[in-house]
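If you read the protein sequences in the order shown, they are chains A and B. FYI, the numbering for the first sequence is 128 to 243, going by our numbering. FYI, the numbering for the second sequence is 3 to 118, going by our numbering.
It is possible that some hints are incorrect.
Label pairs and their computed distance ranges (CB to CB) [said to hold, decoys possible]: (1) N117(B) - G179(A): 47 to 53 angstroms; (2) E209(A) - Q113(B): 25 to 31 angstroms; (3) L210(A) - N117(B): 34 to 40 angstroms; (4) L210(A) - Q113(B): 20 to 26 angstroms; (5) E181(A) - I62(B): 36 to 42 angstroms; (6) P135(A) - P118(B): 31 to 37 angstroms; (7) T147(A) - V48(B): 24 to 30 angstroms.
To be clear, the hints were calculated from the coordinates, so they are not data collected in a lab. The C-beta atom is built at its ideal place from N, Cα and C for all residues, glycine as well.
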Amino acid sequence: DSGVTQTPKHLITATGQRVTLRCSPRSGDLSVYWYQQSLDQGLQFLIHYYNGEERAKGNILERFSAQQFPDLHSELNLSSLELGDSALYFCASSLNVGGLSGNTIYFGEGSWLTVV
Amino acid sequence: AQKVTQAQTEISVVEKEDVTLDCVYETRDTTYYLFWYKQPPSGELVFLIRRNSFDEQNEISGRYSWNFQKSTSSFNFTITASQVVDSAVYFCALSEARTSGSRLTFGEGTQLTVNP
Chain A
128 DSGVTQTPKH
138 LITATGQRVT
148 LRCSPRSGDL
158 SVYWYQQSLD
168 QGLQFLIHYY
178 NGEERAKGNI
188 LERFSAQQFP
198 DLHSELNLSS
208 LELGDSALYF
218 CASSLNVGGL
228 SGNTIYFGEG
238 SWLTVV
Chain B
3 AQKVTQAQTE
13 ISVVEKEDVT
23 LDCVYETRDT
33 TYYLFWYKQP
43 PSGELVFLIR
53 RNSFDEQNEI
63 SGRYSWNFQK
73 STSSFNFTIT
83 ASQVVDSAVY
93 FCALSEARTS
103 GSRLTFGEGT
113 QLTVNP
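Take the sequences, apply the hints, and build the full model.
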């Protein structure tokens, strides 16, 4: 158990819908990351939040957005869903004091999203 | 730009064989971090090891060992006396200290199958 909690574990929804994935980081971790794993794209970095502020953006679509709340949990919102958005979405967390890199990044169990 | 290459897409061995998973990386940063993660069939990403670029000591943890060679930009992972439970996809990842914060760039992964 990594200590990173993600909900829901599985989600099936229709095209055009909107879903929210939730993540609770490990106790004490200030950084939260979102990654997408699909068959054709592999593991792709989406976005990084540190202590409530967005720190870096990767290959995140405009239809996707995220935020980190004062209690440090994070949500990834996916809207206008398309079949190609079907993937395993991971949340990860790390300590990153001062937002610096180098700390171990621990992953949650992922949220399986199927768009039909 | 940073890049991680895992040339071996799939490896199949018989139980108790030793197996080495290759990882080659590219980076312009002088300070960086290398990781290995295991993804069993259940889907979660399990952290195995983190190595700093300024620490070239090899590491052994039980049946697992890692060989880090900056001269060849490689960070290979060896499993000694493999077991069926080692069957999983293994990912090598890189994080640059300066250019991309803590985001991880993953290789494509190596599917390891250990047959009884």
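Results of checking the hints against the structure:
no., hint, result
1, N117(B) - G179(A): 47 to 53 angstroms, "holds (48 angstroms)"
2, E209(A) - Q113(B): 25 to 31 angstroms, "holds (27 angstroms)"
3, L210(A) - N117(B): 34 to 40 angstroms, "holds (35 angstroms)"
4, L210(A) - Q113(B): 20 to 26 angstroms, "holds (25 angstroms)"
5, E181(A) - I62(B): 36 to 42 angstroms, "holds (39 angstroms)"
6, P135(A) - P118(B): 31 to 37 angstroms, "holds (35 angstroms)"
7, T147(A) - V48(B): 24 to 30 angstroms, "holds (26 angstroms)"
The structure meets every hint from the earlier list without exception.
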